[in-house]
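Q: Residues per chain, in single letters:
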Amino acid sequence: EPEVTQTPSHQVTQMGQEVILRCVPISNHLYFYWYRQILGQKVEFLVSFYNNEISEKSEIFDDQFSVERPDGSNFTLKIRSTKLEDSAMYFCASSVYQGNQPQHFGDGTRLSIL
Amino acid sequence: GQNIDQPTEMTATEGAIVQINCTYQTSGFNGLFWYQQHAGEAPTFLSYNVLDGLEEKGRFSSFLSRSKGYSYLLLKELQMKDSASYLCAVSPNYGQNFVFGPGTRLSVLP
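Residue numbers (our numbering), protein chains in the order written: chain E, 1 to 114; chain L, 1 to 110.
Among the clues, some could well be false.
Estimated spans, in silico, between C-beta atoms of each pair [to be verified]:
| # | chain 1 | residue 1 | chain 2 | residue 2 | range |
| --- | --- | --- | --- | --- | --- |
| 1 | E | G16 | L | L51 | 45 to 53 Å |
| 2 | L | T23 | E | E59 | 20 to 28 Å |
| 3 | L | L74 | E | N100 | 33 to 41 Å |
| 4 | E | D62 | L | T13 | 40 to 48 Å |
| 5 | L | N30 | E | E1 | 23 to 31 Å |
| 6 | L | E56 | E | Q64 | 42 to 50 Å |
| 7 | E | S27 | L | I17 | 36 to 44 Å |
| 8 | L | V50 | E | E1 | 36 to 44 Å |
| 9 | E | I20 | L | P7 | 35 to 43 Å |
| 10 | L | Q19 | E | N100 | 20 to 28 Å |
| 11 | E | T5 | L | V50 | 40 to 48 Å |
| 12 | E | N28 | L | V50 | 20 to 28 Å |
| 13 | L | N93 | E | D71 | 25 to 33 Å |
To be clear, the hints were calculated from the coordinates, so they are not data collected in a lab.
Please read all numbers here as calculations on a predicted model, not as lab measurements.
No residue lacks a Cβ here, since even glycine has one placed at the ideal position from N, Cα and C.
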C-alpha cells in the first residue's frame, strides 16, 4: 500500500537555526498538509497546500514557517529560526481530495530544539 | 470556534467491547474521522462517517448523530495491540482542514 514518507525521523537543532523537514506524499494525492503534535498534546493543523500554493494556514503558521514543493515528489516544511517551543512531532499528510477524504499520515519527524 | 471533546483515558479487558465517545461543536460539518495512534507513531485512518448511522469495518464500528454533534467508536474483541490513542477529527467544511480532538488513550489489560 502506498504511504507518505518523511525524513529525517529525528532532528536535533540548536535554537535559532533553520530546519527543513521533508515529505514525499502519496503519488496520486493532490492535497498536502503539515501538522504538529507537542508531546502529550493534540494534533494541530499548520498548513495545507494544493496546486503549488498554500490553501489554508493556522495561526501557528507564522512568518518563520514556509512550505515548498521543489519538484514533482517532495513537499518541505522550513522553520527559519527555531525556538524551544517548536520542539514537537511534525506530521506530513496527503489526501486525494480535500474535506471528506481521509488524510494519510507519514511517520513524522521528531524535532528537538536545544 | 471549533471544539471537540473525548474522554482522556479508558481501560478495558482483552476480549471485551469498548465504546469511545466524541462530541463536537464546529462551524460546519463535512465528515468525522477516527484515527488510531500508537505512542510515538503516526495517526492511522480507521473510519469515516458523514451520514447518520453506523459504519462497520471488521472489529471496528463508528456511529454518527449529526443533530447531537456526537460520534462513537466501538471496538469489539479487544486485543492487546488495540492499546493506543484514538483520535476523533472533524472536517468542518469542504475545503477546510481537520480539527482533531485531544484523543482517548485506551489501555487493554490481560
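Q: Any of the earlier hints contradicted here, and which numbers?
A: 3, 8 and 11
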